[in-house]
Amino acid sequence: MPDSLDAVVRIAAAQLIGVGKDRDVVPAGPFTGLLVRDRPAFLSYAVAASPGAPVDGDVTESLATLTAAFSPAPVRFELIDEASPGAVDVLTSAGARVVGRYPLLTLDVAEMVEPVVPQGVDVHRATTKQHAIDGQTVVNAAYGATMDENPDAPGDPVDGGCVLATVDGRPAATAFWTPVVDGVTEVAGVGTVPEFRNRGLGTLVSAHAVREAATAGATLVWLTPGDDGADRIYRRIGFSPTANAVHLESN
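Per UniProt numbering, residue 1 is the first one in the sequence shown, and the count goes up by one each step.
Please note that a few of the clues may not be correct.
Stated by the list, open to error - In silico SDA-like cross-links for lysine to any residue, where the CA-CA straight-line distance does not exceed 20 Å:
no., residue 1, residue 2
1, 129, 92
2, 21, 50
3, 21, 39
4, 21, 169
5, 21, 38
6, 129, 140
7, 21, 4
8, 21, 70
9, 21, 189
10, 21, 153
11, 129, 159
12, 129, 153
13, 129, 155
14, 129, 166
15, 21, 155
16, 129, 156
17, 21, 57
18, 129, 171
19, 21, 156
20, 129, 146
21, 21, 78
22, 21, 5
23, 129, 189
24, 21, 49
25, 129, 147
26, 21, 188
27, 21, 42
28, 129, 169
29, 21, 159
30, 129, 111
31, 129, 150
32, 129, 113
33, 129, 151
34, 129, 154
FYI, nobody ran anything at the bench for these hints, they're computed from the structure.
Given these sequences and hints, build the entire structure.
This is the structure in structure tokens:
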């Protein structure tokens, strides 16, 4: 098995275990639903139950189980194509539709390129409840979201966390990492308040999140850029394409 395939199977397995730590886990044949309650629906999705194993056959019963659990929201799937061969085909044959295809980028933390910190900018790990509130405020402003602005204080970095960049003391950008499992973590939720964009802050917080995750034990970091602009940001600090992520929905 090529090293890149080993890596994507390891990533998919770590995602299943790590995200499942704070989700309701719904077994459904070759898939596993990972649900959160009383939070935005996009935080709930299904993944492959056995990373590395091919998926074939009839998934009608699996979809019925997931549909009942996710209702009234549609069932969302976040799959790594190479780590679950056949899964996309059987799901689309059963009526699911592909809503996005993204390159999956990875980085060996020892190979990260450190960006320069601009004057007036400070980047730090969120360690207090106020830091967490500031981080959520940045996310809401960056994505036009309305998520809870009264989050819990950050816990053990092994269980995930976030970094916050401030410009002249004002919260400006943030990035999160997920629980570290088998040395693997995902960097996600990279966002910059609109008035502070085009200053390299996305690159800066992404690199700092990688560094903090490495301190918590990560050796392999992955992410899926949402567009070409984000892709360029991550490649500047050493991320490179390794596989393909496919997102699907089923009603």
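Problem set entry | List of violated hint numbers, smallest to largest | 1, 4, 7, 17, 22, 30, 32
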